[in-house]
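Protein chains in written order, with our numbering: chain A, 1 to 593; chain B, 1 to 259.
Just to be clear, a hint being listed does not mean it is correct.
[Claimed, not checked] Below, a list of computed lysine-lysine pairs in the DSS-like style, where the Cα atoms sit at most 27 Å apart:
#1 B/Lys190 x A/Lys146
#2 B/Lys27 x A/Lys545
#3 A/Lys10 x B/Lys248
Hints are computed from structural coordinates only; laboratory data are not their basis. The model shown is predicted, which means the values in this text are computed figures rather than measured ones.
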Amino acid sequence: MVSDYIPPLKDINFVLEHIAGAHELAGLDRFSESFDASMVEPVLEEVGRFMAEVVAPTNVDGDTTMSKWVDGEVITPDSFKAAYKQYVATGFGSIPFDPTYGGGGFPWTVGVAIQELLTSSNMAFSLCPLLTQGAIDAIEHHADDKMKSAYLPKMLTGQWSGTMNLSEPQAGSDVGAVATKAEPVGDGSYKITGQKIWITFGDHDMAENIVHLVLARTPGAPPGTKGITMFMVPKYLLDGQGNPGEKNDVACVSIEHKLGIHGSPTCVLSFGDNGGAIGWPIGDEFTGMRNMFTMMNNARLSVGLQGLALAERAYQGSLAYAQERRQGTAVGAKRGVQSPIIEHADVRRLLMSQRSWIDAMRCLIYTNAASIDRSKALSGEEGEQAREMADLLIPLSKSLCTDLGNELTSLAMQVFGGMGYVEETGAAQHYRDIRIGAIYEGTNGIQAADLVGRKLPMRGGGVVMDHLAALDLKAKELASQEGMAVFAENLETAVATARDATSWLLEHGATDVNAALAGSSPYLRMLGTVVCGGLMADLAMKADKSSDAEFAEAKKVSARFFGEQILPTANGLLGAVTAGPDDLFALTPKQLA
Amino acid sequence: MKVAVCVKQIPDPADPGALDPETRTLKRDVKLILDESDSYGVEMALQLVDAAGGGEVVLVSMAPNNERSGLSTALAMGAASATLVSDPALVGTDALTTAKILGKIISDQEPDLVIAGSESSDGYTGTVPEQIAGVLGWPSVTAAKAVAIDGSAMKVERQTDAGYDEVECSLPAVISVTAGVVEPRYPSFKGIMAAKSKPVVQMTVADLGMTAAEVGWAGSGQEVVDVTVAPVREAGEKIEDDGEAHLKIIEFLESVKAI
Chain A
1 MVSDYIPPLK DINFVLEHIA GAHELAGLDR FSESFDASMV EPVLEEVGRF
51 MAEVVAPTNV DGDTTMSKWV DGEVITPDSF KAAYKQYVAT GFGSIPFDPT
101 YGGGGFPWTV GVAIQELLTS SNMAFSLCPL LTQGAIDAIE HHADDKMKSA
151 YLPKMLTGQW SGTMNLSEPQ AGSDVGAVAT KAEPVGDGSY KITGQKIWIT
201 FGDHDMAENI VHLVLARTPG APPGTKGITM FMVPKYLLDG QGNPGEKNDV
251 ACVSIEHKLG IHGSPTCVLS FGDNGGAIGW PIGDEFTGMR NMFTMMNNAR
301 LSVGLQGLAL AERAYQGSLA YAQERRQGTA VGAKRGVQSP IIEHADVRRL
351 LMSQRSWIDA MRCLIYTNAA SIDRSKALSG EEGEQAREMA DLLIPLSKSL
401 CTDLGNELTS LAMQVFGGMG YVEETGAAQH YRDIRIGAIY EGTNGIQAAD
451 LVGRKLPMRG GGVVMDHLAA LDLKAKELAS QEGMAVFAEN LETAVATARD
501 ATSWLLEHGA TDVNAALAGS SPYLRMLGTV VCGGLMADLA MKADKSSDAE
551 FAEAKKVSAR FFGEQILPTA NGLLGAVTAG PDDLFALTPK QLA
Chain B
1 MKVAVCVKQI PDPADPGALD PETRTLKRDV KLILDESDSY GVEMALQLVD
51 AAGGGEVVLV SMAPNNERSG LSTALAMGAA SATLVSDPAL VGTDALTTAK
101 ILGKIISDQE PDLVIAGSES SDGYTGTVPE QIAGVLGWPS VTAAKAVAID
151 GSAMKVERQT DAGYDEVECS LPAVISVTAG VVEPRYPSFK GIMAAKSKPV
201 VQMTVADLGM TAAEVGWAGS GQEVVDVTVA PVREAGEKIE DDGEAHLKII
251 EFLESVKAI
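Same shape as in the complex, but just chain A:
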């Protein structure tokens, strides 16, 4: 009964080309030699087919068979091992990386589209390549050439996977509290000792080697984030030929029992139980935290993408079910005949809400990715503008899309009725799997704090205000579009509300940090919804660029639904944004009981 995954290639290709402007990236020096925009569609076509036929069928098996910890090692489901082997053979993981090390040299934006297809197919499985990409990103930027040549080619294909080791029992969101030690051996290597938790795919049997990137403290390091260095600690040390040889002193001592993503082993790793794991510093001493931040944008965007990817997969299932399941007689249907539930208005609302938000999320995530690409490819003022846009959009992409991942997979389950609550339909798995998205890679609360604490103050609020001004212009442009007058009016109103909220935060946040933090989450939702409103206006205005008239019509209706029925919800958040912290702190813990 679990429905198949159909890669939404028409949507992906359209948003890449016409909303995110991915094809135009081919004109930039950074990509001009390696990126052929005419190959985006053929590549995604084959990637989509592979994901749907090979990876998507492993999703339920991963959930039920689960990765297991057996005699000190992690055993993944057999279906994962077989699919991963094929994934490595395709080389799809290498597409957005440096051609020097075997990469395809395509923009990150196209890499994000590939990630969407992978994640919708199987989120738990996708985390292995995802963490590997994060590790590649860090090594590419900060390791020396010798390290890059030794590790990157095999990590790019996925033959070797990668992990990120930040958290420790006392150091979760507060990474500065890291206590893992790194003692210099004298030959450039260090002995690492300590325990790391929440290590995704920290141990497994799909790849030939696992390259752990570990945050640790060297002797005499200053406290807090300023004393952290990043180390590379491979599971198997490389022999003289550069192949995995002797096992390093790293052990998986347990895995977590989680609500979802059961196929993805979340490991507790112990470094140095037998004298110290051998590791090498990546970048200079004490630059660990800063280096970690260079890949933070990509990592947070990828997690936001998970919200989109699972909402899409759950939506497909609910849409198929709504056409098959017959219950009740719809208005206008023949009496005594049960109608497919898709004929009922409220089921339509569940479906349209999903459809419209999914379109908006895809526009947001891909636009964010393109702004990251542009920020790296352009210099001067253009580069700076792209970086500002990328930085502003990151907390919106991460938080809004993972919150919506929760909400929309819940709506999908609602379409199934009681059967959605039964595991057989697969709706429940998507709902369970995506729940982590709002928590990891910086909780959504932390994203909201990042938005009001770091992003809003950029140029004294100028970055946000400039963007809102651009949305005002977009609203005017939209007003002349047939059937979009109400949407245009709503966009203007919502932008005005967002401007009021932004001014309030700028004014009060400067003197009372808690005032800004108290309203940060509703502000993120408001600003995210308004930014999506602007992107959906784009979608409405550009839909006719598609050669498929039915598709164009569907996008226009989806955009109008957003503009008329979703966008106005942003206005209702103004009270929560501007209320300040008083009532949040008015009650004692005892009174809260």
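Fit chain B to the given chain A structure using the hints.
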């Protein structure tokens, strides 16, 4: 070693479109994909060339509108080049005429072996491979499940209802393969990128030295006279097992002469 593989590009079976009300044939003016049943032939050809220590796999195909998306998949898998016949005059071409057209290209290519899927997933005539062999005057082996080439001879394990026959024949020859005989590889990123610059030679009916009267509806000895909707599957019979249900099953199997 040179292996020619006949590949058909068909409307996506997941979204097959409609029948043309006039000709009562499948509308083919949509995006076409590689017929999955042909991906087995491509894979087998690639494996045979590998086993021979070198050579090439070439594709021959006939499709409307110079459509090449399906060919791109096969080229990305590793085929070296393709020849595509596309011509408005070809609409309505029957199986035998298709075999004549493909046979002309194949004989120009001079391959050691021709591989085709047993039948396409849209037309299901299931006769083209044997007709190509007939047109060329080459040996034909159907339902090949394993093939070994030894110089100018070939040993084939031919699937039968009871098991398989061992067949030997000389080369060049035409074999047909059914789904599942090998596991088709998925194109790699490098394969997809390389496919873009692989040659796809496009030919018209005139290029083949044929006339419009010899092909299409005009040249074919067939006509689709009627199309009816497949009957809806009727509900099955449910038998409560009172300990004797197996007898009912035997009775049923006997009634349809299955045992």
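Now for the hints, and whether the structure bears them out:
1. B/Lys190 x A/Lys146: At roughly 25 Å apart (the allowed maximum being 27 Å), A/Lys146 and B/Lys190 satisfy the hint.
2. B/Lys27 x A/Lys545: 25 Å, holds
3. A/Lys10 x B/Lys248: Status violated; Cα separation ~51 Å.
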